[in-house]
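Peer 1: Below are the chains, spelled out letter by letter.
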Amino acid sequence: MKPVNVFVVDDDDIYQFTIGVTLKNIPAVRSTRTFSDGAEALEYIVMHQNNDDELPDIIFLDINMPVLDGFQFMEEFIELRPKLNKSIKVYMVSSSMDPKDIKKADRIEEISDYLIKPLDSKHIREILSEIS
Amino acid sequence: MKNWDIEDFGPDSLFTETIKLAKVGIYELNIATNEIYWSDVTREITEVPDDFEPSLDNLASFFNEGHYRDMARDAMQNAISKGKPYDLDMEVVTAKGNIKCVRNVGNPKMENGVCVKLFGFLQDITERKQTQVELTKKIQQLNLAEQLSQIGYWEWDILADNIIWSDNLYRIFGLEVGTPIHFERVVEAIHPDDRKTFRENAQEFIDEKRFRKFMHRIIHEDGSVHTVELIGELIMNQHGDVVKMIGTTQDITEHRMSEIKFRGLLDSAPDTMVIVDRKGIIQLINKQAEKMFGYKSSELIDEHVTVLVPKRLWDTMEYYAETFFKAPKHTGLPADLDFFVQNKSGFQIPVQVTLSPLETSEGLLVSIAVRDITVQKQAAHRIMETNKSLKESAKRLKAQNRQLEEFNQITSHNLRSPVSNLNALLDIYKTENNSKTKEMIIGKIESVTKHLTWTLDTLVESLLIKKSAQQSLEKSYFDKTLERTKEMLAAEILKTNAVITSDFSEAPTVMYNKIYLESIFINLISNSLKYKAKDRAPEIFVKSRINDGKVQLEFKDNGLGINLKKNGHKLFGFSKVFHRNDDAKGVGLFITKAQVDAMGGKIWAKSEEGKGTSFFINL
Numbered sequence: 001m002k003p004v005n006v007f008v009v010d011d012d013d014i015y016q017f018t019i020g021v022t023l024k025n026i027p028a029v030r031s032t033r034t035f036s037d038g039a040e041a042l043e044y045i046v047m048h049q050n051n052d053d054e055l056p057d058i059i060f061l062d063i064n065m066p067v068l069d070g071f072q073f074m075e076e077f078i079e080l081r082p083k084l085n086k087s088i089k090v091y092m093v094s095s096s097m098d099p100k101d102i103k104k105a106d107r108i109e110e111i112s113d114y115l116i117k118p119l120d121s122k123h124i125r126e127i128l129s130e131i132s
Numbered sequence: 001m002k003n004w005d006i007e008d009f010g011p012d013s014l015f016t017e018t019i020k021l022a023k024v025g026i027y028e029l030n031i032a033t034n035e036i037y038w039s040d041v042t043r044e045i046t047e048v049p050d051d052f053e054p055s056l057d058n059l060a061s062f063f064n065e066g067h068y069r070d071m072a073r074d075a076m077q078n079a080i081s082k083g084k085p086y087d088l089d090m091e092v093v094t095a096k097g098n099i100k101c102v103r104n105v106g107n108p109k110m111e112n113g114v115c116v117k118l119f120g121f122l123q124d125i126t127e128r129k130q131t132q133v134e135l136t137k138k139i140q141q142l143n144l145a146e147q148l149s150q151i152g153y154w155e156w157d158i159l160a161d162n163i164i165w166s167d168n169l170y171r172i173f174g175l176e177v178g179t180p181i182h183f184e185r186v187v188e189a190i191h192p193d194d195r196k197t198f199r200e201n202a203q204e205f206i207d208e209k210r211f212r213k214f215m216h217r218i219i220h221e222d223g224s225v226h227t228v229e230l231i232g233e234l235i236m237n238q239h240g241d242v243v244k245m246i247g248t249t250q251d252i253t254e255h256r257m258s259e260i261k262f263r264g265l266l267d268s269a270p271d272t273m274v275i276v277d278r279k280g281i282i283q284l285i286n287k288q289a290e291k292m293f294g295y296k297s298s299e300l301i302d303e304h305v306t307v308l309v310p311k312r313l314w315d316t317m318e319y320y321a322e323t324f325f326k327a328p329k330h331t332g333l334p335a336d337l338d339f340f341v342q343n344k345s346g347f348q349i350p351v352q353v354t355l356s357p358l359e360t361s362e363g364l365l366v367s368i369a370v371r372d373i374t375v376q377k378q379a380a381h382r383i384m385e386t387n388k389s390l391k392e393s394a395k396r397l398k399a400q401n402r403q404l405e406e407f408n409q410i411t412s413h414n415l416r417s418p419v420s421n422l423n424a425l426l427d428i429y430k431t432e433n434n435s436k437t438k439e440m441i442i443g444k445i446e447s448v449t450k451h452l453t454w455t456l457d458t459l460v461e462s463l464l465i466k467k468s469a470q471q472s473l474e475k476s477y478f479d480k481t482l483e484r485t486k487e488m489l490a491a492e493i494l495k496t497n498a499v500i501t502s503d504f505s506e507a508p509t510v511m512y513n514k515i516y517l518e519s520i521f522i523n524l525i526s527n528s529l530k531y532k533a534k535d536r537a538p539e540i541f542v543k544s545r546i547n548d549g550k551v552q553l554e555f556k557d558n559g560l561g562i563n564l565k566k567n568g569h570k571l572f573g574f575s576k577v578f579h580r581n582d583d584a585k586g587v588g589l590f591i592t593k594a595q596v597d598a599m600g601g602k603i604w605a606k607s608e609e610g611k612g613t614s615f616f617i618n619l
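In order, the protein sequences belong to chains A and B. Here the first sequence is numbered in UniProt numbering, starting from 1 and rising by one per residue. Here the second sequence is numbered in UniProt numbering, starting from 1 and rising by one per residue.
Do not rely on the hints blindly, as some may be mistaken.
[Unchecked claim] A few chain B positions that, by computed beta-carbon distances, are all more than 10 Å from chain A: (1) 43; (2) 83; (3) 141; (4) 319; (5) 398; (6) 416; (7) 419; (8) 444; (9) 488; (10) 571.
[Said to hold, decoys possible] Using 27 Å as the maximum straight-line C-alpha spacing, the simulated DSS-like pairs for lysine-lysine come out as follows: (11) 83/A - 109/B; (12) 606/B - 556/B; (13) 109/B - 84/B; (14) 100/A - 395/B; (15) 261/B - 122/A; (16) 430/B - 100/A; (17) 398/B - 103/A; (18) 109/B - 122/A; (19) 24/A - 436/B; (20) 104/A - 311/B; (21) 104/A - 291/B; (22) 530/B - 398/B; (23) 570/B - 104/A; (24) 550/B - 89/A; (25) 566/B - 100/A; (26) 279/B - 103/A; (27) 24/A - 377/B; (28) 24/A - 311/B; (29) 244/B - 279/B; (30) 24/A - 430/B; (31) 570/B - 100/A; (32) 344/B - 103/A; (33) 486/B - 565/B; (34) 96/B - 103/A; (35) 329/B - 311/B; (36) 436/B - 100/A; (37) 122/A - 436/B; (38) 291/B - 344/B; (39) 122/A - 430/B; (40) 96/B - 20/B.
Everything labelled a hint here was simulated from the structure, so no lab data went into it. Glycine included, every Cβ here is placed at the ideal spot set by N, Cα and C.
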């Protein structure tokens with residue numbers, strides 16, 4: 001199993017903590033980076049766009065965030081993606097079961113799936129095993 | 001000159017002159033000599049030339065052969081042989097061939113039983129005769145006219161109770177011409193149901209000295225019923241007492257029958273019908289009209305149609321009447337014209353009116369059909385009401401829907417996310433062995449619980465806002481509200497060096513929920529302070545104005561600004577934050593909007609990133 005870089009983009013610090021603990025206990029995870037909003041994450045990716053080791057293999061992206069929310073992040077990210085050498089999978093993560101959000105996420109091709117919080121360790125392992 | 005007895009009076013005697021003036025011509029026949037004398041007038045009547053000598057031989061030529069010649073000969077022979085005088089109306093033929101009517105009177109003079117002379121005179125009665133003939137002809141024509149028009153003439157000598165009838169009146173009554181008539185005899189011929197009215201009318205006319213046209217029915221001996229109409233007048237003596245009544249009686253059975261037919265037709269019409277003449281005088285109404293207006297037919301006939309229309313609509317009515325008479329044709333008054341009629345008790349009824357011309361022998365009449373549209377009006381009103389309440393409930397439902405959606409979002413995100421956090425924390429807590437980490441997790445659980453409590457409190461608060469909106473309206477002065485806001489935010493204002501200015505001159509006050517108003521001021525101004533631009537001190541300007549009759553507030557700042565294209569849709573959402581700010585909880589604008597909504601107002605924003613934001617509120 002190839003170790004992976006995971007980005008967690010979410011303004012909820014408790015969630016950041018809990019998912020951090022979960023990911024730390026999964027051997028396949030090489031590193032975890034957390035960002036409080038989409039803009040921060042985007043900035044980091046742009047800065048490291050030529051350094052594949054710093055780029056994530058998978059992003060867990062929250063919807064509701066200040067400055068740049070999940071959907072706004074996706075707009076920018078889709079433009080940026082062709083410049084990257086690495087394929088990055090994006091999972092939309094939200095506590096919202098609002099069908100409007102789910103549909104909206106469905107329409108965006110680049111989003112691999114829509115996951116509802118809380119994410120349990122087993123589910124995350126499955127997802128990681130698919131990509132590594 | 002022969003000695004003529006007749007000339008004994010002398011040619012210039014008064015007698016001779018008198019008979020000349022009377023156009024009486026004299027003749028004398030001497031039996032012994034067969035000589036005849038004709039006076040000048042006789043010669044004038046017979047139109048003979050001056051040299052004409054009458055004789056027994058040429059007398060016959062003055063009478064047409066046949067009736068008058070025989071009559072003349074017989075009269076003369078009887079006079080001469082039997083001494084019998086004669087007095088005849090007859091025709092003579094003059095010398096010029098004209099036919100004249102004459103009175104021929106002869107008287108024989110007898111001596112010892114033998115006629116010796118025959119005296120006589122001729123009187124020209126042609127003119128009188130002609131007048132008589134004409135009179136007879138006129139009477140015949142009158143009779144014919146009476147018969148044709150079914151009219152009879154009567155004359156009632158009230159004191160003597162003697163009634164004279166024309167022949168035709170007998171025929172109308174079906175009685176033999178010449179039957180003696182008096183008042184009770186007339187009553188006898190009248191339909192039993194009409195007798196009382198007939199007597200009353202007669203008495204009333206005498207008392208009031210005025211005849212009023214009226215109708216009654218008569219029954220013929222064969223049982224047939226006829227309707228007659230009487231027109232008459234009263235004759236008074238020098239003391240003003242009524243002594244005579246004269247007039248005509250017309251058999252109007254046929255006329256009446258067609259009227260009855262017309263009435264039947266009118267009464268069977270579903271609408272109220274009022275028939276008026278050109279001047280608007282009511283001629284006829286049907287049963288429906290009696291029902292609608294509450295008047296009896298007799299109360300309305302001869303009244304002006306305005307009694308049925310409320311005063312405020314008289315001008316309208318006149319306008320349509322004029323239009324109608326300009327080109328009389330079937331015309332419906334416009335359906336959207338709110339027209340009303342008024343019944344006897346003054347109650348007004350909404351109606352639809354149609355006018356139709358009605359050509360009659362008495363001139364153009366207007367038949368007015370009136371339809372009561374109360375039910376339609378009520379139905380229309382009900383539909384409007386229903387429509388209105390439907391619109392209202394649709395609006396309410398929409399608002400409720402929006403609220404539900406809002407709540408759905410809040411519960412699905414803002415409530416679910418702390419709960420999922422709690423679950424995740426508990427999972428970790430269970431698997432964690434390190435007691436230090438466990439303690440840290442408990443701390444986090446505590447903070448999540450606090451956040452959850454706060455979220456619930458805020459939700460409850462927003463629910464209360466929606467519920468208690470209109471409760472306490474108070475007059476609030478914007479300048480005072482702003483003062484209090486500044487006091488409450490004193491620390492932040494000091495820290496940020498904010499400059500707050502205002503202009504409330506256009507609308508200094510508002511009737512509003514005081515607590516909400518203060519909350520709106522605090523939320524918007526503290527937002528401006530919180531999201532100030534990094535490089536400059538906040539400048540906040542608050543203005544009030546009247547817009548569309550409503551008080552509008554504007555809060556303008558020079559702060560960070562918001563990208564409304566990106567974030568406009570969630571500007572007033574729950575827990576939406578747009579800047580990285582430790583204090584940002586995303587609840588201020590949510591509460592502000594809830595308050596403005598609850599008061600029936602509206603809030604929106606204009607903003608440019610890096611320049612500042614303006615909030616507008618229609619209170």
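Peer 1: What hints, given by number in increasing order, does this structure fail?
Peer 2: 6, 7, 8, 11, 15, 16, 18, 20, 21, 22, 24, 26, 27, 28, 29, 32, 33, 34 and 36
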